[in-house]
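2 protein chains.
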Amino acid sequence: MISSVFPVLVDGRWRPAGGREMFQALDPATGEMIPGEYPVSPWADIAEALEAGARDAFKMAALGPEPVALFLEDFAARIEKRKEALVAAAHRETGLPAEPRLGSVELPRTLDQLRKAAASCRDCSWSRATIDTKADIRSMYGPLGGPVVVMGPNNFPYAYNAMGGGDFASALAAGNPVIAKSHPGHPATTRILAEEAHEAVLTSGLPRASVQLLYHFAPEDGLRLVSHPRLGATAFTGSRPSGLALKKAADEAGRPIYLEMSSANPVFILPGALDERSTAIAAELFQSCTLAAGQMCTKPGLVIVPDSPAGEAFVETVRKAFEASEPMVLLGPKVLEGLQEAATRLAAKGAERLAGGREPSGPGIRFSPTLFKMSGARFLEDPSSFQVESFGTLSVIVLAKDMAMMREIAARLDGHLTGAIYSHSGKADDREYEAIEPLLRTKVGRLLNDKMPTGVAVSPAMNHGGPYPATGHPGFTAVGFPAAIIRFAALRCYDHVRADRLPPELRDANPTGTMWRLIDGEWTQRSI
Amino acid sequence: MISSVFPVLVDGRWRPAGGREMFQALDPATGEMIPGEYPVSPWADIAEALEAGARDAFKMAALGPEPVALFLEDFAARIEKRKEALVAAAHRETGLPAEPRLGSVELPRTLDQLRKAAASCRDCSWSRATIDTKADIRSMYGPLGGPVVVMGPNNFPYAYNAMGGGDFASALAAGNPVIAKSHPGHPATTRILAEEAHEAVLTSGLPRASVQLLYHFAPEDGLRLVSHPRLGATAFTGSRPSGLALKKAADEAGRPIYLEMSSANPVFILPGALDERSTAIAAELFQSCTLAAGQMCTKPGLVIVPDSPAGEAFVETVRKAFEASEPMVLLGPKVLEGLQEAATRLAAKGAERLAGGREPSGPGIRFSPTLFKMSGARFLEDPSSFQVESFGTLSVIVLAKDMAMMREIAARLDGHLTGAIYSHSGKADDREYEAIEPLLRTKVGRLLNDKMPTGVAVSPAMNHGGPYPATGHPGFTAVGFPAAIIRFAALRCYDHVRADRLPPELRDANPTGTMWRLIDGEWTQRSI
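Just so you know, the sequences run in chain order Y and C. Counting in numbering that gives the first Met the number 0, the first sequence runs from 0 upward without gaps. Counting in numbering that gives the first Met the number 0, the second sequence runs from 0 upward without gaps.
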């Protein structure tokens, strides 16, 4: 019966989806379906959302930043009030621990993101207003003129949720309506978020289609959506194959698309670091690899160590830790399939399995933390295939026979989100660091010293991005305000435009008093 | 005989190209070939340039900004000394007037661009250094790790030349080597520029492959080049079909590409403006349409006026000006073909030719300034096909039967570089302005009031860019420093990286004293 299926949120109204297809989420800890049916929307739903979003893009632009800031703050406050329900739903749908992960880490982070986006939106500095008083030319970043579609991943049911995560907050802060597509792994979590978002839209005075929700649609409708002329842009976080298919469609239509697709997050461990603190680094590595069952975009999937007695001892310490750990609950069956395929593929290509493969004793979707090792020589025979992300608790250690080989491995990396180098706390590894860093630097968005890459701080200086194929463009970050906002904006220049027709951000008077503007080459908060 | 063909500049050496194919440039004023044969490079030349560029990308990065700034300044000084030869060559190859255009306008503009790029490069503010002292996370934009290919257009033999124009200066200022591909219409001009660039590379201490030159290659080799994994990025200015082919290849390989492809630069003339100053606007329009024989990326190709007696009178004034003007020398036969095709296509689709079609009396490649008019109703039946750029002296006036139709036309625009609105100097047109501006705003990179779009000031606030299909991405400008530089850079984050391993731009001390950095939310020139 169609009436038992949850409604979609289109053009300011909760209403039944246009089709009869539906899906249910799975509890990965038990392997059982969760009661509650969610609709797969046909194209007609998407088309209606697009038209409404395109119409309200203009309404939003006319209102300016204040209602958006109010919305983001109100939404955050409402999420806080629904914490109990949100934690219960997300825990059940993802298998992630309720505490500390969901309730005390991810939810507060999500609120922090929404509030930082609100502050950026209200302050207007994100728009990089640039004024040339002599030439009477003024420019700033502004909304795209159409809605932004956000497609979130499975692994962060709040912080990267299409309804309430970082891309959602960024797209709205830039002044665009959002069409959120739920990840099918956590529709109930997304529904609760959307209920609160919809209420916040109503109280903040935003146009009604500023925030819309669809739960699911066919892949071909996704391609049609991201390439639609009424669309402003797309933000996608997920697997590389899905990301590349969307990228192709959007690129061919000239529609902006921002993708976070995959990363092996290489970690280089230099000889002096091993001599100094091998056991401590092994413990850090194990913790980082198994955090959230390895289902982090920044999980270290590729570890390069010297092929030496110290290197072998390090591998042995890591192996023991992997071997001693229990099978872990994954987000869903697709993650498990991916890991099993990766393990088979790596073994077939000559990597040696050191830990993992244990049959899980518990119910549901579980995987035993798995560690491979391989020689640097083998890695260099086919470098691209050994640095494909294995999403989950699977990592590969590569033993480099000498420092020249370690450098060669750095040179043969593809693009990744992060790259870390562990070195001796004194100067013992400086020469190697200086040889490897320039190579690694051009391949990663974030470079770390003596620190594992998991844990992405919401900082203005963060780059959660990186060269292709980690993302689609090396110049943008998905995390950190105000920088993440700029992805969803167009550069707008005003040449000889009359003063009273300029947007407030470009008039002589500083509209907020705190807005930073680049006036005649000087960054300033003053008025002209 | 292969030895009479001009050499290419690859890996710091002038040497013969690897193949036997060659081409000559044409003097469009006479229609005759200009003595001097230039090579079409086979893939082997390109591959060598790529390898050398990739190698020297790392050398350049290690040297920092000072040698690049010295190079850009020295190159500018050398160009100035070769002014006579450069003006003679460009005048002969392009048919553009030696004075004032080439010698007194475009050449000084090119020097200004190179010097502004040098100043931006030395000052380092372009890199948008962002420091979060509390989290110890620091980020900035830095070079791409591979060479940038620049492909310049036919219409600005200096200012947009792949060897010395704005993209060239921007890519180098970001710290990347450049592989310049000459436009085949002006190889001698490009050769002189490259001779001076090469000398400047030697004296400034840049690595030898920092600047390389190829004259020409097969289209399929161009596709292979822009999608090559060793490449940093591509900058292309030219026709839409060529741009789209390159875009597709680069996008599929995940290589950044910046394109300036086409623009009809719509101009809306509101009723009050016509009442007030019809004749003056008609004169401005005619001048803007015929500047450089209409071969400007910002030529007004689409003019929307009210269908009223005042509108008809305006059209008649413009018609007379077009009709009275002599056929003009074009850049080459392809421009002429394009215009003839456009005229045939417009007539077939129901536009009425008001002026043009006169047989040129002089020799060479000439075209009679051509004006079409059509009804707004006809335009709206097939809006995309009537706003394709006609490169050269061909413009279309659209008569809108009422203000609702004028708004609808604005709503149906594709992406363009510029859009202008002429309105009454008082308040008479304010209502219409307010209705049209928000629609036009999202479709263009630069919005003008009471001013024609030709003339692109080199200002930090300029946006010479716009939504697809004007360019490939609405967030970037090809003109103006420091903003144009950022296209050729990647965002580089340093997380917990030891102080002495940070690039100078991100250390506590401000490296230049004048560099603007965003430190803990404040734009400042101070040190930490």
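Worth flagging that the hints you see were computed from the coordinates, not collected in a lab. Computed from a predicted model, the values in this text were never measured in an experiment. Be aware that one or more of the hints could be misleading.
No distinction is drawn between identical chains; accordingly, a pair holds when it is met within one copy or between any pair of copies.
With a cut-off of at most 30 Å between alpha-carbon atoms, the simulated DSSO-like pairs for lysine-lysine come out as follows [what the hints assert, rightly or not]:
id : residue 1 : residue 2
1  : LYS348    : LYS426
2  : LYS426    : LYS58
3  : LYS333    : LYS80
4  : LYS400    : LYS247
5  : LYS426    : LYS133
6  : LYS247    : LYS133
7  : LYS247    : LYS82
8  : LYS333    : LYS133
9  : LYS400    : LYS426
10 : LYS133    : LYS400
11 : LYS82     : LYS319
12 : LYS82     : LYS348
13 : LYS333    : LYS400
14 : LYS80     : LYS426
15 : LYS133    : LYS450
16 : LYS82     : LYS133
Which numbered hints are broken by the structure, listed smallest first?
-> 1, 3, 4, 6, 7, 8, 10, 11, 12, 13 and 14
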